[in-house]
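Student: Chains as they are written, first to last, in UniProt numbering: chain Y, 1 to 419; chain P, 1 to 419.
Hint data in this document are derived by calculation from the structure and do not stem from the laboratory.
Some hints could be false.
Identical copies go unnamed one by one, so any copy, or any two together, can satisfy a pair.
DSSO-like mimics (lysine-lysine), calculated; alpha carbons at most 27 Å apart, straight line [what the hints assert, rightly or not]:
#1 Lys329 to Lys283
#2 Lys289 to Lys82
#3 Lys413 to Lys362
#4 Lys255 to Lys283
#5 Lys329 to Lys354
#6 Lys82 to Lys329
#7 Lys354 to Lys84
#8 Lys283 to Lys412
Okay, here's what each chain looks like letter by letter:
2 protein chains.
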Amino acid sequence: MAVRNAFYAQSGGVTAVINATACGLIQEARRHPERIGRVLAGRDGIIGALTEDLIDTSLESDAVIARLRSTPAGAFGSCRYKLKSLEEHRAQYERLIEVFKAHDIGYFFYNGGNDSMDTAWKVSQISEKLGYPVVCVGVPKTVDNDLPLTDCCPGFGSVAKYVATSIREAGYDVASMARTSTKIFVLEVMGRHAGWITAACGLASENAGEPPHILLFPEVPFEPERFVTRVGECVDQYGYCTVAVSEGLSDASGKLIADSGTKDAFGHSQLGGVGQVIAQLVKDRLGYKYHWALADYLQRSARHLASRTDVEQAHALGVAAVDLALQGKNAVMPTIRRLADAPYCWEIGDAPLKDIANVERKMPAEFISSDGFHITDACRAYLQPLIEGEDPPPFRNGLPDYVRLKNVTVAKKLGPFSI
Amino acid sequence: MAVRNAFYAQSGGVTAVINATACGLIQEARRHPERIGRVLAGRDGIIGALTEDLIDTSLESDAVIARLRSTPAGAFGSCRYKLKSLEEHRAQYERLIEVFKAHDIGYFFYNGGNDSMDTAWKVSQISEKLGYPVVCVGVPKTVDNDLPLTDCCPGFGSVAKYVATSIREAGYDVASMARTSTKIFVLEVMGRHAGWITAACGLASENAGEPPHILLFPEVPFEPERFVTRVGECVDQYGYCTVAVSEGLSDASGKLIADSGTKDAFGHSQLGGVGQVIAQLVKDRLGYKYHWALADYLQRSARHLASRTDVEQAHALGVAAVDLALQGKNAVMPTIRRLADAPYCWEIGDAPLKDIANVERKMPAEFISSDGFHITDACRAYLQPLIEGEDPPPFRNGLPDYVRLKNVTVAKKLGPFSI
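So that you can see chain Y by itself, here it is in the shape it has in the complex (with noise of 0.2 Å):
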């Protein structure tokens, strides 16, 4: 068969690992010369290929593509850029076809969470409904935890055991201080519409009374009369009380807790702010001294603590994704399949792009406790896999020793391409 180039790009926010499945895709790549050319990756995305704006990966040492593992962010830039359907922006697509073409790409790789697997499977639609021969691959990735058909989304068993970590270590911090200081800790993290990520600082708490004490789920509407009177038994049982808080809290209208107004180039709405209005309304009710951290991007580029499984499987399903085009299979995406909880066995499997584009994995409900406020043993079972294991980038002058790539462009053979 020919030797054809691959495209790849990285989309939507960032995470500690997608540079670790870019790294496993390229190495991958490298192993089938007989098939793969160069990869050249999107410059901030799909819009590298839009605008032709395409890094030559083959210019990096096999050294350099290996430390990717350990770095986290998107080596190649990323974007929110959601493509419209091929009947409403015919043009985007034909000039895809032309930059395809041009630098005769025949493998299209896009690594990102919902959008972008919409993204990627309107791509794989261009070889049946435009007759151009490309193969097509979405590879997942989002700290939201909420692609459908695959057991975790690689990005999120990292930011899963730094919320749990910090949440702890806070924990201990308010514990101390209590008596005289601070009896009040929010910490929000991100999970605008699923409530994974708040779940995963459930995990801190492995005995009765340990931090957080309180989860404030997306799922659960917000009631502030039964926060505030079980934030007052917390205190009263144990001296303080920690709480961890999903930016996109809502009340039982749906209405956000808390909303910034200013919205992203996706529409959504950009959040913020929920941990201090809930944490002022403590203070406002009980009078109790608070402290609350924004965690923000720390927690989804935390690399320095990420979770190994996570590691480990965004770099495998870095390599599943050329197996699956080399296979000829477009339109999939490679997913985790959950063989065993403990000791966690998973294997690589895939599924179509179709079932997944747009899809919302929500957390289910038994994994809520009764009251709201925590996490059930079914949901344990669930998460602690994904946070086990470290793996600690190299460290250099006492920092973590990230790559930065030279990122040399591909000269242009197109004309320039408004987006």
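Based on these hints, arrange chain P on the given structure of chain Y.
Tutor: Chain P alone, transformed into the frame defined by chain Y:
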């Protein structure tokens, strides 16, 4: 000489390594049974002494005490409580003597920052002014790094490592997203009056253009126009801009940029939120999407990312405190003496408490660059060794495995005392 018991207490805001000091102190005391009987720890700092709420550390095994070295926060509880002067509140000092007599306490160790060294200094005067024989040694601890006469303060190096790592990681994240999404990232860090922690963020930027791009120190009056201009220049040059800001950032009149209006037991304002204020300022003026993070307690409890240098110094200072006491040195504090920058070489010294109590060490002016937005090479030379080395705690079930002590209370011999 007679065997007498020792009192040890933790005071003020806790750190990732104050328990390493407790570990060193208790271990060293156990090596001298001919002089020191039991180490009785005050529950919640000096309050434990005043209320005769004493923890018998002799009931904890050597193995458990050893685990304190890798456990963050204050294992015996801390407090924010400042003794008044002997003249103002003689009853408190008489009560301390009562408690010391009742439990045969001949050594008093107080582990804390500025306010705590003041307390330690006042207690050290008991011996002379009230005729009770007790050797009093202050033991340094503060993430603020603002105690004089010591090269650095235990707790600071680990915060420094955490914030520098965090802004480096978040910087990789923002660089990935900047084209279509977040262009501005702000990390708010601790440091009420001194910019040591803010300065430490600067260590992450080893080459021109690397995050953080701008540091906002409490020592440099905030000028909105100059700041916004500099942010715009960074975005033009690098595509994005990362900022580390001290919670204590103030304007030219000394007014805090963010002041929540509440005060702690020492009368300090409770800070927090300046990160959002300056991020929103950029949004309003330049229109860039921002994210911000509030590290809060996470930064000072992050034992998972402690500096090995910091852990070693914290432990050594605990050992040294006992050694000083056994030499009969009253009213002193063990210190770190720097002998060389690179490779870092240090030894233990000591200094009189009267020269330390209530003296706040500011950052030298020559540590801040002439434009006020970054650190100088002299600052790097000072800070760099303090974050060197890793000392990860043991992990269990994917999370740091920290110890909880039994903390058994010694039977009371006295009546109650109201504080």
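Student: If a hint holds in the structure, say so; if it doesn't, say that too.
Tutor: Here is how each hint holds up against the structure:
Taking the shortest Cα distances, Lys329 and Lys283 never come within 27 Å of each other, neither inside one copy (57 Å) nor across copies (45 Å). Taking the shortest Cα distances, Lys289 and Lys82 sit within 27 Å of each other only across copies (18 Å), while inside one copy they are farther apart (44 Å). Taking CA atoms no more than 27 Å apart as the test, Lys413 paired with Lys362 passes in neither setting, with 44 Å inside one copy and 58 Å between copies. For a Cα distance limit of 27 Å, the shortest separation of Lys255 from Lys283 qualifies both inside one copy, at 22 Å, and across copies, at 24 Å.
For a Cα distance limit of 27 Å, the shortest separation of Lys329 from Lys354 inside one copy, 13 Å, qualifies, whereas the shortest one across copies, 76 Å, does not. Taking identical chains as interchangeable, the C-alpha atoms of Lys82 and Lys329 lie at most 27 Å apart only when both belong to the same chain, with a minimum of 23 Å there against 70 Å between chains. Proximity of Lys354 to Lys84 under the C-alpha cut-off of 27 Å is restricted to the intra-copy arrangement: shortest distance 15 Å within a copy versus 71 Å between copies. Taking the shortest Cα distances, Lys283 and Lys412 never come within 27 Å of each other, neither inside one copy (59 Å) nor across copies (35 Å).
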